[in-house]
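Protein chains: 2
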Amino acid sequence: MPSSRTVVAVDVGGTDIKAALVEGDPAAPVLVDRLRRATPRGATGAETADALVSLIADLVKTWSAESANPIEAVGVVVPGIVDAEAGVGVFSANLGWRDYPFRAALRERLGLPVVFDHDVRAGGLAEARLGAARGFTDAVVMPIGTGIAAALLLGGRLHSGGGYAGEVGHLSLGAGERCGCGQHGCLELRASSAAVARRYTERTGRPVRGAIDVANAVRAGDPDAAAVWAEAVEALAQAVILLTTLLGLQAVVLGGGLAMAGELLLAPLGDRLDELVSFQRRPELRLAALGDEAGCLGAALLAMDLLEG
Amino acid sequence: MPSSRTVVAVDVGGTDIKAALVEGDPAAPVLVDRLRRATPRGATGAETADALVSLIADLVKTWSAESANPIEAVGVVVPGIVDAEAGVGVFSANLGWRDYPFRAALRERLGLPVVFDHDVRAGGLAEARLGAARGFTDAVVMPIGTGIAAALLLGGRLHSGGGYAGEVGHLSLGAGERCGCGQHGCLELRASSAAVARRYTERTGRPVRGAIDVANAVRAGDPDAAAVWAEAVEALAQAVILLTTLLGLQAVVLGGGLAMAGELLLAPLGDRLDELVSFQRRPELRLAALGDEAGCLGAALLAMDLLEG
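Residue numbers (my numbering), protein chains in the order written: chain A, 16 to 324; chain B, 16 to 324.
Chain A on its own, in the form it takes in the complex:
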């Protein structure tokens, strides 16, 4: 039985940073204290990364002073392309860095073991060990927010592809709008939370705060909302059949803003998937269980794994 550990977990987002002091063992980590900070922004990507390292060092210092148990390791997860093996933030479109050696920089500042990884993969790890993907060896965990990325759990391990894997938002589903990535008809142009909101406003002229407003309009019988929603569901169904044709999935776990719609998303998606499946393995569709704590929990699990060797 593993002993109880004390680690700090940090999930860096484009807008804010979620950090937690986490205790327990990898089978049952407990977030005993939480902090949220605005993500610092420098004039360049490297300056942003430097500021981030300083902020994380300060958080760890504060918790070190307050925690009854000494902090043993730190787990940090960030968006973009991450080379976890090298501990490098290869690229973040949103935060601007290129090839920044986060792990080395954090180790030097903290004098503690540090694990550095990708936010979505870490969230997938948490769902796989503690959440909706538990018990599966072949599953995709897909948070649907401003964009759509996925953690690929294959043969019981998370596949990283050198940091490049899981960009399901940029799977082209054929003809359609041109995407910023250069392709046409990318999934996230139709099915991200942001796309659902944008497309509803384009269609009706009515601004909405997000996909959840569109979901509520669907429930209220708004035919424009229903049409936009149906297109998102169709695009997701095409993506799920594609994923299982290629990967042979037992489960697809949907998270993020769009999945807040619950059965309004799952029921029609499941029906459409039943129509599309022939020889393929039919994955179970599930809602993510850990909400926006998945990234932090995943970072904590990675830090605890590091300590267990």
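Treat the hints loosely; a few may be bogus.
[Unchecked claim] To be clear about the criterion: a stretch of chain A counts as covered by chain B if any three or more of its residues have a C-beta under 8 Å from a C-beta of chain B, and this derived list gives those stretches:
{"no.": "1", "segment": "193-202"}
{"no.": "2", "segment": "257-266"}
[To be verified] Chain B is nowhere near these chain A residues, computed Cβ spacing over 12 Å in every case:
{"no.": "3", "residue": "52"}
{"no.": "4", "residue": "169"}
{"no.": "5", "residue": "172"}
{"no.": "6", "residue": "182"}
{"no.": "7", "residue": "235"}
{"no.": "8", "residue": "286"}
{"no.": "9", "residue": "302"}
{"no.": "10", "residue": "321"}
These are calculated hints, taken from the structure and not from any lab test. Glycine included, every Cβ here is placed at the ideal spot set by N, Cα and C.
Take the given structure of chain A and dock chain B to it, following the hints.
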């Protein structure tokens, strides 16, 4: 250093069976004798499978009598959906069986250790260890013949998805012809060897023996052949960008009949891929190195691995 082993490897195809007596170690297996037999066909899938087990038992018996070294294990690979862990042929559209317990049946007949797996995955294993995918941890090995399937080498391991993974021929690339699988625009309707030949004949009324005739017509300046070829290249480029967007690939290895065209395939495919790639990992494109021996070599490697424990 592993000692030299003697195994029998059998690669079952829809038309014929390739078998080999293989000696050496997993780093350098040598096909010391080869046999080819027509694939037996029974009135039902189960009878076909029974006849196959008998035929393999006869082959092993013959080689047992002739070989200077005793046969230590047998590796058998088949098409369709294969549950390698259970040793079961789950389904073969072409050969008709459903849930046939090949490994148990072969073990009982042979009294030898038996490994049972999927033909394309085994071929991918051989290319990964001995051929064009050697040195990569993240690669797809894609034989392009009558259909298109792929072996997925991810994080240095072959991903099977319970036997369901790798059906790249049925990735839908958007609108297009209806496929037998129920989807529209499947890759193999445009880019399999069979599709290239069929589409050329539909367009011109001229029968061809296969894709290689179309390739030769392209080289001779036939504009219809060039148009059909360009459509196949475009479909493959769309599939390759999709694969690397999702999986972060270092390499894509093309084999089978269509890859016999060599640079006529690789050069335009590479050019188109360069246009399509933005944030994705750009995989190297390579031609398969082991030809139609890949399946047999893979079956031999699996049998030798079994002996090494």
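Each hint tested on the structure:
1. 193-202: holds (count 4)
2. 257-266: holds (count 9)
3. 52: holds, 28 Å
4. 169: violated, 5 Å
5. 172: Answer for residue 172/A: violated, closest chain B Cβ roughly 6 Å.
6. 182: violated, 5 Å
7. 235: The claim stands: residue 235/A keeps its Cβ more than 12 Å from every Cβ of chain B (closest is about 33 Å).
8. 286: Answer for residue 286/A: holds, closest chain B Cβ roughly 15 Å.
9. 302: Given a closest Cβ separation of 22 Å, the condition holds.
10. 321: The claim stands: residue 321/A keeps its Cβ more than 12 Å from every Cβ of chain B (closest is about 18 Å).
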